[in-house]
Amino acid sequence: MLRTPLFEEHIAAGARMVEFAGWEMPIQYQGIIDEHLAVRSSAGLFDVSHMGDVLIKGKNAESLLLKLLTNDIRGLEIGKGIYAHILNEDGMIMDDTIVYRLGEEEYLLVPNASTTPKIVSWIQRHRTDQTITDISSQVACLALQGPKASAIGKWLNGEMSLIKRFHCRFLELPLASAQGMVWEGKALVARTGYTGEDGFEIMLDGRMAAQLWRLLLQTGKQNGLVPVGLGARDTLRLEMGYLLSGTDFDGSQCSVQTGPDFVVKWEHDFIGKEAMRKLASRPDLPRLACFELLEKGIPRHGYVLEKDGKPVGSVTSGTFSPSLHKGIGMGYLPPALTRPGTSLDVVIRGTRVKATVVLPPFLKR
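For the sequence shown, the positions run 356 to 720 when the numbering used here is used.
Since the hints were made in silico from the structure, they are not lab data.
None of these values were measured; they are calculated from a predicted model.
Think of the CB as a built atom: it goes at the ideal place given N, C-alpha and C, for glycine as much as any other residue.
Watch out, some of these pointers could steer you wrong.
[Said to hold, decoys possible] FRET-style restraints, in silico, Cβ to Cβ:
1. Arg720 - Ser492: 50 to 60 Å
2. Lys576 - Glu374: 39 to 49 Å
3. Trp538 - Ala630: 19 to 29 Å
4. Arg358 - Gly696: 23 to 33 Å
5. Asp639 - Asp484: 18 to 28 Å
6. Val659 - Gly696: 18 to 28 Å
7. Glu379 - Glu622: 36 to 46 Å
8. Ala367 - Gly696: 29 to 39 Å
9. Leu649 - Gly369: 11 to 21 Å
10. Lys719 - Asp605: 43 to 53 Å
11. Leu570 - Ala630: 40 to 50 Å
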């Protein structure tokens, strides 16, 4: 299995390690529920260095991304990011991603861990004169998330609090760097995250990652900062209704099915557009819907969803919500059953548990 530059830090912190997308990653430290609630109330620090990092450069970089992405990046200002899907020719989602514009002719695309090799190959296949560089193995990423993230970030660099949501900028951090490091030892700090809370994703040369990890945990302790594993990362994202690549879409769904609506801009041409348009015209095309349990129980991936005793779908993601104290989940349903308030049953170990369809996010702000 692959390991991030922070592997030894996780072991020292007593993390329980598991395999995830070919990586040995921390699932939890002090416990999933405690870590989850810490992020909601104060702050948590995540190692997300398993995510991909792909640089796309050249005068035609924008035109390449316009062809590859469902969202429209024309006019994207330098220092801003955008969320998009990447489709195959059949209109099915290959991956979801965030793309940042770093310069006039330079972009950073962040694919998911399990899909990075496939996405890099896909981009190479469709490029013309653009330069494609996979820097995933050189870059680490730490996610600082929670209502106190900004206060903690000021200890690193006062400019962090000035970064707008879904924007990024290069910053110098109080870390030892060396010649030949990615971005000359600077960090790319983005005000993004996967938790629904305020926060930052800090991308930097992997050789600086352990320094930053220790510094953040030390300076953030007075603000309640704790290390957080993938277990709480999953419950946090699910409370917000965020998709998980390979689980909520697995190559057999299109963006119209998963949403959100803003992820597709039909005004430009992109790979898979016409195929997806045909799929969207089907009145019976299943749509991803959120539901919450009305009785005790925890929905899990693969559990059957029923309506009036008949199977109508299955759970893609499900968990017990530490914030809401109830079972929540997502799954694909016939369009007529996706209206909020629709009653369903989730079959949990042979028992039908009552549920109702709700609009995301589960955790309202």
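Going through the hints against the structure:
no., hint, verdict
1, Arg720 - Ser492: 50 to 60 Å, "violated (37 Å)"
2, Lys576 - Glu374: 39 to 49 Å, "violated (30 Å)"
3, Trp538 - Ala630: 19 to 29 Å, "violated (38 Å)"
4, Arg358 - Gly696: 23 to 33 Å, "violated (46 Å)"
5, Asp639 - Asp484: 18 to 28 Å, "violated (43 Å)"
6, Val659 - Gly696: 18 to 28 Å, "holds (21 Å)"
7, Glu379 - Glu622: 36 to 46 Å, "holds (43 Å)"
8, Ala367 - Gly696: 29 to 39 Å, "violated (49 Å)"
9, Leu649 - Gly369: 11 to 21 Å, "violated (37 Å)"
10, Lys719 - Asp605: 43 to 53 Å, "violated (29 Å)"
11, Leu570 - Ala630: 40 to 50 Å, "holds (48 Å)"
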